[in-house]
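Going down the list, the sequences are from chains A and B. Mapping of the first sequence onto the numbering used here: position 66 corresponds to residue 66, and the numbering continues sequentially without gaps. Mapping of the second sequence onto the numbering used here: position 120 corresponds to residue 120, and the numbering continues sequentially without gaps.
What the hints contain is simulated information worked out from the structure, not anything from laboratory work. For every residue, glycine included, the Cβ atom is placed at its ideal position computed from N, Cα and C. Please note: incorrect hints may appear among the correct ones.
[Claimed, not checked] Here chain A is said to cover these stretches of chain B; the calculated rule only asks that three of the stretch's residues, wherever they fall, bring their Cβ under 8 Å from a Cβ of chain A:
| # | segment |
| --- | --- |
| 1 | 8–14 |
| 2 | 31–38 |
| 3 | 78–91 |
| 4 | 169–180 |
| 5 | 222–233 |
[As the list claims (entries may be wrong)] In silico DSS-like cross-links for lysine-lysine, where the CA-CA straight-line distance does not exceed 27 Å:
| # | chain 1 | residue 1 | chain 2 | residue 2 |
| --- | --- | --- | --- | --- |
| 6 | B | K163 | A | K127 |
| 7 | A | K163 | A | K215 |
| 8 | A | K195 | B | K242 |
| 9 | A | K104 | A | K220 |
| 10 | B | K163 | A | K270 |
| 11 | B | K163 | B | K175 |
| 12 | B | K163 | A | K263 |
| 13 | A | K161 | B | K49 |
| 14 | B | K175 | A | K263 |
| 15 | A | K161 | A | K481 |
| 16 | A | K294 | B | K49 |
| 17 | A | K195 | B | K163 |
| 18 | A | K536 | A | K163 |
| 19 | A | K419 | B | K49 |
| 20 | B | K49 | A | K215 |
| 21 | A | K110 | A | K240 |
| 22 | A | K163 | B | K49 |
| 23 | A | K481 | B | K175 |
| 24 | B | K49 | A | K270 |
| 25 | B | K49 | A | K466 |
| 26 | A | K536 | B | K163 |
| 27 | A | K263 | A | K518 |
| 28 | B | K49 | A | K536 |
| 29 | B | K49 | A | K451 |
| 30 | B | K49 | A | K240 |
| 31 | A | K185 | B | K49 |
| 32 | A | K274 | B | K49 |
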Amino acid sequence: MKFSHLTRTIFTAAAGLALAAAFGGSPADAQKRGGTMTFVVPDEPPSWDGHRETTFALIHPFAPFYSLLIKVNPDNPSSPTDFVCDLCTEFPKPTDGGKNWTFKLRQGVKFHDGTALTAHDVVASYKKIIFPPQGTTSARVAYFTMVESVTAKDNHTVEFKLKYPSGAFIPALATPYNFIYSKAKLDQDIRWYEKNVMGSGPFRFVGREAGAFVKGERNKDFYIKDRPYLDGFEAIFSSKQAVRVQAIRGDRAAIEFRGFPPKSAEDLVKALGKDITVQESPWNCVLLFTPNSKKKPFDDVRVRRALSLAVDRWGGSKSLSQIAIVKPVGGVAYPDHPLAPSKAELEKIAGYWPDINKSRAEARRLLAEAGVPNLKFTLNNRAIDQPYTIVGTWLIDQWRQVGITVEQKMDPTGPFYAKLRGSDFDVSMDFNCQSVINPLLDIGKFLSADKGNESYGGYTDRTLDKMFEDMNRTGDVAEQKKLMLAFEKRVLDEEARSFVTLWWNRIIPHRSYVKGWKVSPSHYLNQDLTHVWLDK
Amino acid sequence: MYQYIVKRLLLMIPTLLGAALLVFVLMRLIPGDVCVLRMVGGAGYVDPKAIEQCRIDLGLNRTYVIQFLDFIWGFIRFDLGNSMWTGRPIVEEISLRFELSLQIALMATLTAILLAIPLGTISAVKQNTWIDYAVRGFSIAGIAMPSFWLGILIILGLLITTKGLFGSPWMPPIKYVPLWVDPLYNLSMTIFPALATGYRYSAVATRMTRSALLEVLREDYVRTARAKGLIQKLIIRRHALKNALLPVVTIIGIEFAFLMGGLVVTEQVFNLNGLGKLFVASVTNHDYAMTQALVMLVVAIFVFTNFVVDIIYAWLDPRIRYR
Chain A
1 MKFSHLTRTI FTAAAGLALA AAFGGSPADA QKRGGTMTFV VPDEPPSWDG
51 HRETTFALIH PFAPFYSLLI KVNPDNPSSP TDFVCDLCTE FPKPTDGGKN
101 WTFKLRQGVK FHDGTALTAH DVVASYKKII FPPQGTTSAR VAYFTMVESV
151 TAKDNHTVEF KLKYPSGAFI PALATPYNFI YSKAKLDQDI RWYEKNVMGS
201 GPFRFVGREA GAFVKGERNK DFYIKDRPYL DGFEAIFSSK QAVRVQAIRG
251 DRAAIEFRGF PPKSAEDLVK ALGKDITVQE SPWNCVLLFT PNSKKKPFDD
301 VRVRRALSLA VDRWGGSKSL SQIAIVKPVG GVAYPDHPLA PSKAELEKIA
351 GYWPDINKSR AEARRLLAEA GVPNLKFTLN NRAIDQPYTI VGTWLIDQWR
401 QVGITVEQKM DPTGPFYAKL RGSDFDVSMD FNCQSVINPL LDIGKFLSAD
451 KGNESYGGYT DRTLDKMFED MNRTGDVAEQ KKLMLAFEKR VLDEEARSFV
501 TLWWNRIIPH RSYVKGWKVS PSHYLNQDLT HVWLDK
Chain B
1 MYQYIVKRLL LMIPTLLGAA LLVFVLMRLI PGDVCVLRMV GGAGYVDPKA
51 IEQCRIDLGL NRTYVIQFLD FIWGFIRFDL GNSMWTGRPI VEEISLRFEL
101 SLQIALMATL TAILLAIPLG TISAVKQNTW IDYAVRGFSI AGIAMPSFWL
151 GILIILGLLI TTKGLFGSPW MPPIKYVPLW VDPLYNLSMT IFPALATGYR
201 YSAVATRMTR SALLEVLRED YVRTARAKGL IQKLIIRRHA LKNALLPVVT
251 IIGIEFAFLM GGLVVTEQVF NLNGLGKLFV ASVTNHDYAM TQALVMLVVA
301 IFVFTNFVVD IIYAWLDPRI RYR
């Protein structure tokens, strides 16, 4: 039986249950209280400070301890534009032409130590994120370049003043790492949260053992009545994928929130049948390949363009999705986002043409014209199977079909990034993986090298930089869409700076007794476990 | 004997210093650093200033000489510092894992001794009989099978068998609980990795016991014992086995030290939070401080185990004491 068929079968069975039992539309008493949910986490975070870290390994075990100001709608996590209040009482309407955002906060919210959560705590947290004091690290300063100030108008009102109206502001605010910390703790030691936990979220921190687990228990004073359903959770760290799969099979864990390759999901379904439910979603992560524009012959746009023209993304999506965690075809913006190009628009961009033979003929012509008909180079890749080496190997075969010979050099993460950052490569794999879908910021990856944001192509393109600035400074969605399309065309086709392979596809097989959790397009989102319950 | 022990102890100092220098240099040769990994690994936007700040915080902006001297000075004072990855005291991180690694190493060693010495002895005594062939086949299989692969087979076997027998699959726990908190739970987690590693370990020791015993059994003093009319059991127990055990003790000592830090893949297969897993994580994360501390710990264990093996040699063979 093919996995796709299995998935469909299980989806059909599970969808009814999920719709009936998960959120809304179901009687409140359908959910069961109690129980401890165990889940596996592939990695352990370096510190416990959400403002500082960038890994999902922090979100999965620690997000349940914290509240956010706003978050993605847990009823509709697939939507890239649906945000709801967490600590705020209602979503504000901006004033001053979109430059002033005032949030009213819930009253009576308490931190786990019993102290009241006020606007001053929210302000202290966002100041730490946006304007980190000397000696501290914030990984998300670049998200908030539009923010001029954040202040507490009173104990329950927070005001953000922007330098200019920006469509990127609200998604940035909803980033799941923006934990609200206690001002008192931050005043005591600005780095207190690197090694301690104390939030106001649905679960209280019970304990942790380095390299082994993190444990939480139900916060009885949580501000959402009757939530959470679970008595507690246990996040067990397990670096080996096979162990995580077997742990679900042997019911040592109920779920792993990052995602498994199709084969693992298929194996679990075969072994456990109706005891496993599979949820699937496009993923806000994408593998790129970037030529080093500083190196010959990749300083020639014809050569770079040929690299993209040789790749059959539409065909690759069908075949690779059977074995790897990739599937959707898209450009630089997340494919399901309103700012992303339609299929028809995409098909006009080099590398996305519907006729691959025509595309490859053009690639050969360009290579010959550039004087490198038998181009040879080394592909710098990360030694991680899913999906790096699989996609890398596929790319090599695609390029072979236009006469390009490629040697793949795979390195562990450290040396891989060292080469990438040091421009010590011909063509390199790279990836872009974000939490809240925010294409206006996510495409910062493609800016000129001197603009930071992890752009590794070694090029300077002020037209691209200006498009990015303009997109982020206009509140007009139609204008944003127009600029985004032009940006895509320039990055992928006209100047052929860096290329998208396939977007990732998130597959979560979990024990069927886990209810109330909906897959989202990011493994960073919808992880506070507020609405999760166990049907045991 | 006293002088011998002191000499052995003093020899440990240059060995440890050499290992310290080697690991310090090797770690710095690997491209990339802990700050880049920590901040870029999630592929979000990272401010280059944040990376620089991280380097300053960890002291990576200092010269290599200062960093090395700092490491040695800390080591001399038994202050291993903090992990560059988690920021927590290295002693705390290691001691958490040490207990589990020690338990697995001891259980695997016990398994190996219980299997190797009787099997090796029987195999030597019954040389070229079907028993000998069976034992040799068993031990060669043990050498040929990597313990992590055997571990995977054990887990899969348990999942399939229990599903068939009881209707739901069972596998060993993936979270460690100390032996004195819940002995049954602890053993249900540790017994399988101990068997997987103990079997491979025993295979080497079985072959060593067999060949050493065969050699001893051909010695003149054994022939003399036989001529005196001593029964086979007594000859083996009193005269042959004790002499044949010298190389076996060496193998057991080396393997034990290896198990303390070298069960990298087996620990991952059984999700054991041991020193091997910490080792891999610290190298992968470029956590220089942790890797250096772990290497020094493993070197110290090796040196100490060798020292103990030498003492056991002296006990087993009185001639060694008088040299």
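Taking the hints in turn, this is what the structure says about them:
Against chain A, the segment 8–14 of chain B contributes 0 residues with a C-beta closer than 8 Å to a partner C-beta. That does not satisfy the three-residue criterion, and the hint is violated. Only when three residues or more bring their CB closer than 8 Å to a CB of chain A does the claim for the segment 31–38 of chain B stand; here the count is 6, and the claim holds. For the segment 78–91 of chain B, the assignment as covered by chain A holds, since 4 residues bring a beta-carbon within under 8 Å of that chain's beta-carbons and 3 suffice. Coverage of the segment 169–180 of chain B by chain A holds in this model, with 7 residues showing a Cβ closer than 8 Å to a Cβ of that chain against a need of three.
Check result for the segment 222–233 of chain B against chain A: violated, 0 residues qualifying (beta carbon to beta carbon below 8 Å, three or more required). Annotation: proposed proximity of B/K163 to A/K127 is violated, straight-line Cα distance about 54 Å (limit 27 Å). For the given pair, A/K163 sits about 42 Å from A/K215 by alpha-carbon distance, which is inconsistent with the 27 Å threshold. Restraint check: the Cα-Cα separation between A/K195 and B/K242 comes to about 54 Å, which exceeds 27 Å; the hinted pair is violated.
Proximity of A/K104 to A/K220 is assessed by CA-CA distance (about 24 Å); at most 27 Å being required, the pair is judged to hold. With a C-alpha separation of about 13 Å, the suggested pair B/K163 and A/K270 falls inside the 27 Å cut-off, and the hint holds. For the suggested pair B/K163 and B/K175, the alpha carbons sit about 21 Å apart, so the restraint of at most 27 Å is met. Only pairs whose Cα atoms come within 27 Å are accepted, and B/K163 paired with A/K263 is accepted, the gap being roughly 21 Å.
For a cut-off of 27 Å, the pair hint linking A/K161 to B/K49 stands: about 24 Å separates their Cα positions. Distance restraint check for B/K175 and A/K263: the Cα-Cα separation of roughly 26 Å lies within the 27 Å cut-off, and the hinted pair is therefore satisfied. Taken as a hint, the A/K161 and A/K481 pair is honoured in the structure, with Cα atoms around 25 Å apart against an allowance of 27 Å. For the given pair, A/K294 sits about 24 Å from B/K49 by alpha-carbon distance, which is consistent with the 27 Å threshold.
Between A/K195 and B/K163 the alpha-carbon distance is near 42 Å, which puts this suggested pair outside the 27 Å criterion. For the proposed pair A/K536 and A/K163, the alpha carbon gap of about 52 Å is over 27 Å, so the pair is violated. Proposed proximity of A/K419 and B/K49 is supported: the alpha carbons are some 20 Å apart, at most 27 Å. Straight-line distance between C-alpha atoms of B/K49 and A/K215 comes to about 34 Å, which puts the hinted pair past the 27 Å bound.
Between A/K110 and A/K240, the direct Cα distance comes to roughly 38 Å. Violation of the 27 Å bound is thereby established for this hinted pair. The suggested pairing of A/K163 with B/K49 holds, with an alpha-carbon distance near 22 Å, which does not exceed 27 Å. For a cut-off of 27 Å, the pair hint linking A/K481 to B/K175 is broken: about 49 Å separates their Cα positions. Pair hint B/K49 plus A/K270 does not hold up; C-alpha atoms about 50 Å apart against a cutoff of 27 Å.
Note on B/K49 and A/K466: the hinted pairing holds, with a Cα-Cα distance of about 23 Å set against a maximum of 27 Å. The suggested pairing of A/K536 with B/K163 holds, with an alpha-carbon distance near 19 Å, which does not exceed 27 Å. The suggested pairing of A/K263 with A/K518 holds, with an alpha-carbon distance near 21 Å, which does not exceed 27 Å. With a CA separation close to 49 Å, the supplied pair B/K49 and A/K536 exceeds the 27 Å bound.
About 13 Å separates the Cα atoms of B/K49 and A/K451, which keeps this hinted pair within 27 Å; it holds. A distance of roughly 33 Å separates the Cα atoms of B/K49 and A/K240; the hinted pair therefore is violated under the 27 Å criterion. Only pairs whose Cα atoms come within 27 Å are accepted, and A/K185 paired with B/K49 is accepted, the gap being roughly 25 Å. Our distance criterion of 27 Å between C-alpha atoms is broken by A/K274 and B/K49, whose separation comes to about 51 Å.
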